[in-house]
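Put chain Y on the given structure of chain C with help from the hints.
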Amino acid sequence: MSDYPNSDEEFDIQHQDELELLNDDFDEPILNVGKNSKSRRSLDYGESENSSIIKTQSDLFSTQSQVNVRNESTQDISFNDDFQPIPDTEESTSNSTRRIISTPSSTQPNTEPPRKRTIEELFGDIDDLLFENERKLKKSKPINKYEEQLEMIEKILELRKLNQENKDVLFRQKNSLISSEERNKMNLSWRVPSYPFISITRNDSEKINTQYEESTRSIEETPMEIDRIEEDQNLWVDLYRPRRYLELLSDEMTNRVLLKWLKLWDKVVFNRRPKIRPPKPVDGNQKNKFNYVNHLENQLKLADDGRPHYKVALLCGRPGLGKTTLAHVVARHAGYNVIEINASDDRSLEAFRTSLENATQMRSVIDKQNRPNCVVFDEIDGAPTQSIEFLTKFIVGTITKGKKKGQVNAGVLKRPIICICNDAYVPALRSLRQIAFIVNFPPTSSERLSERLMQIAKKQDLKTDLGAMLALAEKSNNDIRSCLGVLHFFKAQKKRVTVSDVYKSSVGQKDMQQGLFSVWTDIFTRKKAKLKPLGMEHGVEDQQDCDGSSKMRMQKIQKVVQSFGDYERLAQGVFENFPEVNVQGSSLNGICHALDWFCYSDKLNQYILSQQNYSLSSYLPYAFVVWHFRFSSFTFPTIKYPSKGYEVRQKLTNNLATIKQLEKGIQPKIKIFVNPKNLILDVLPPLSKIITPLLRPVNFHLFTVEEKKTFYRVVEIMIDYNFNYIQEKNAVGFYDFNLDPDITPIVTYPVLTTQNRTSISYFVKQMISREVELGKIRRLQVGSDVTENEMKFVHKVEYSPQEDKQLPNHLQKLKVKSLRKVETVVAKDFFGRIITKTDDQETDPKGPQINEDIWFQYKEGFSNAVRKKIKISSLM
Amino acid sequence: MSLLWCDKYRPKDFSKLDYHKDQGMALKSLTKDGDFPHLLVYGPMGAGKKTRIMCLLRELYGPGVERLRSEVMNFTTPSNKKLEISTVSSNYHLEVNPSDVGIYDRVVIMNIIKNVAQTQQLDVNGQKAFKIIVLTDVDSLTKDAQHALRRTMEKYIATCRLILCATSTSRVIPAVRSRCLCIRVPAPTTEEVVKIIVETASSEDVDFPKKLAERIAVMSERNLRRALLMSEACKVESDGKLTPDQNIAEADWLVMIRETARLILAEQSIAQLKKVRENLFELICRGIPSEIIFKYLLDQLLEQCQLGLAAEILENAAIYEHQMIRGNKEIFHFEAFVAKCMYLYQNVLEEMKCDF
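Protein sequence lines, in the order shown, are assigned to chains C and Y.
Following this note's numbering, the numbering of the first sequence begins with 1 at its first residue and continues without gaps.
Following this note's numbering, the numbering of the second sequence begins with 1 at its first residue and continues without gaps.
Excised from the complex, chain C in its bound form:
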């Protein structure tokens, strides 16, 4: 395959993948219907005979590529020549004719073919238009790439429109017979080589023919289906959920980008070469929209191991944009079996792991279709953090594992994963966000939405007009789901829907959560004049609006605050910002009033939390209304994030921790008399002065007696209260001795201009520090000595110590020494009676003795000094 031989060729190639994307869509039904797939295989040049059913699709693609090659070999052939019947056209035509022949036997399964033909015929009619388009496109050939994209999108939109029209026509003609004339027409149109719809799929005309047949089938099936289910209590949202790529309502760019990403997996999943365009340089002159798309598309590239660079796609956008639908449709479109895991499933780490591994490493056997899986994690922002972290590790971490083993093994993720969330900036998603291909959903255009709503209304025999639908779309902020919900509701009322109806209905409006700052801004500002929304003039609200805007303001604030929900943080923000915002205005009385409401909300909050009675929280938003009326102004406020409350709480926790640490170390004898409260209030402030006496920074030996006394006092007190000085490097880089635990931030206030606090010098601190350490050890020693001394005392009484001491060492003789006397325990039985032993073993009054001689043996060794045990106290 040569690269870009001429412009025409290039155009073809470039469009090829787009078209393939479309083609895939048409493939889909084939796989569903066994009969069709059979006929399908007849196109496979017999190759399919040795290929399993699983491979059907890839086979299709191989034929397609073959055809492509063939096409490319006839490069010089003009546009129309593209659908020169390629050898097997005969077969295909015969195939189609076969079907036509089979039509007359109008048995139940054969009701389909006539419709197909009508569709083909219809296509034939309209495709002329399309062909016109195509030609125009061709003429304006020096298109740069983004324009191509635009054209492509237009084409898709065109096709979408066509589909719609077809459907309408079909709907009307559903049960009418098709005249033979039409059939002829169709036949005729089939044979004419310059047939426009073929021009869409220049590469392999016959294939597209049959595909259109299939697609028409599915198109006409949709209305049928709806008719059938209508009696059921199905939600309209499900009823009219787009089932095919062309029916998608969401932004075309987004759809395409996601589909392209999914197509990148083809190499790994289907073992076919995905089409990747060389990354386009982003041109500054181009429109922003296209820059964005280009930027997105440039991100789409394959990693070294044949998998896409981004292993996971993250769709984010507000509710009701059709994210879930898009994911499902696109995944099915690309030939995957969708496995959805959403918030209703158990998403604990264990369950999550099982389902993830099952979905990506196994293949369903029960399902005949044998499609590879594509995992869709819906509402992932609500999943537990551990699960998301596991997902991230699963995507990233297992790669390294695979590499270590030297080859791609089962541990490597080989299936696409699509995650869906409303808010991509949830903290839990942070790790995922870095490795994901993020697709942001722009809002659906209200025109498209209202058109769709019109169609649905028509199908449901709901009388309405486009204006009302537009209003509805706008009111619900282009949320498809809520629009359909409202429509369904109107349908139940069985009357005509007008614009005013839409405005009057309170349904369709939902909580629109705003950011923190925008809520605060709303509270602190008031709008000068309210612009009435369209259609409001003849509403009931009109009168309400007249009696002062205060009611409107109140409702607005209440709604905004209520939808945000985190009242406590909001209140904190208002509290910390109102002095800045409101410097010029209101009187102290007003402030008092507002502050009373702070007290009220705090009390209420505390009550709610302590009693867990959340029903009361509906009263909380009213406080914000009061604050709004008190603090709002026309000027735009500069709002700061309320960090003061948090800082104070943090400091308090730190300080209390310090106190606790201090308390822990205080000697128990003192500890029983103090508690944190009186430490803070009574003890520490004077104590901090007591332990910083005036001491000259001279050597300890030069201290006067008085000074020495003070010095030791300080040391003792510090030991008692578990203080010490520890050496630390300060910010400037000098070493300094700091009190530990450091109570200075607790007892001192930087705001106060205190009289010069006596601070002791570095040198004295060092001395104190050393002395405190020694003192602590000494105390430990003393503590253990107490018992030792007692022991000694007892010992001395027993033996006459003088005798031992008076004898010089060399005169002493080894004496027979009784072993430590074993205390005789009187054996008692369970009831306390003394057990008398049968054979009386009289204990020797002298105790057990060593009767043998004691021998000393000289062992050769190294000993150059007399070793003596000394206590640490003798070193100090």
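Honestly, the hints are just simulated from the structure, not real lab data.
C-beta: ideal position from N, C-alpha, C; glycine also.
Check each hint, because a few of them may be wrong.
Output of the computed footprint for chain C on chain Y, the stretches with three or more beta carbons under 8 Å from beta carbons of chain C [said to hold, decoys possible]:
1. 264-278
2. 336-350
Restraint-style ranges between C-beta atoms, simulated for each label pair [unchecked claim]:
3. C:Phe763 x Y:Arg67: 37 to 47 Å
4. Y:Lys143 x C:Gln650: 22 to 32 Å
5. C:Asp736 x Y:Lys8: 23 to 33 Å
6. Y:Arg67 x C:Lys393: 48 to 58 Å
Same frame as chain C, but now just chain Y:
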């Protein structure tokens, strides 16, 4: 042994008490039979509640109670949160401050105290039949904990006695109060404080001027611990010779509160409100209990207001302090109170202007 005056000269025996001697004798006679009821000892800080409790214990068990050790006890809340609380205990008693663990104090009462209370003394002849549990800061116990306490008190009367220690009984539920013998330990009078300061100083070979001692006694609000610590701080700062008109260092938080009160009365505006808020934040973040801040702030304000305004401020203070205890974020209530004071004060000032 500690060399701080307040620790060193703490009386260890009822006979050595400096004041409330009658009460001391009464307590002593209470223990004569070797048994006594649950006690609720209450009184202001620094009045000598703990001293009396320790004297009582010593009277009961002998000097063995002074062999103290501090331990850390672990327990698990029903919600599986692991908490630890430090206790001081001897062989005969256990002292614990359940409010150290905040809202989990009920669990402390339920687990730790029950555990201690349930264990019988093995050798009844050698010791008393009961152990003693000293609970401090009972008034900051949650209601739940206090309710948990009332049954425990009755159930384990055979094996343990409780001595509760509180600043005031108003936050102790009546059910608990009625189960205890309530003993109030009032603060010593100014004269007593002066006497104690002078005596203590003289036994430390320090010549302490009586005038200075009087000033300290007033400033310390008859809180003996504070008074002794202040005198000692004076001594350290005095550099040898103590003079009657010496500067007495006050605790910084008191100075801060006074400054805050001054701010409130100096100017009434939102900007000033903001400054006051900053000051209050400083105080709160240092762990000064909010009711203390409130009390001293109110004291300082009342000092400067005439009667009519004072009554109004007092009334509002009562309202806001009550709200503050029921709420969670003190600063809201402080600020509301401050704003109210400013408003009232401003009104009075304007009226005065009109009068002139």
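Outcome of the hint check:
no.	hint	result
1	264-278	holds (count 8)
2	336-350	holds (count 6)
3	C:Phe763 x Y:Arg67: 37 to 47 Å	39 Å, holds
4	Y:Lys143 x C:Gln650: 22 to 32 Å	29 Å, holds
5	C:Asp736 x Y:Lys8: 23 to 33 Å	32 Å, holds
6	Y:Arg67 x C:Lys393: 48 to 58 Å	56 Å, holds
In summary, this structure violates none of the numbered hints.
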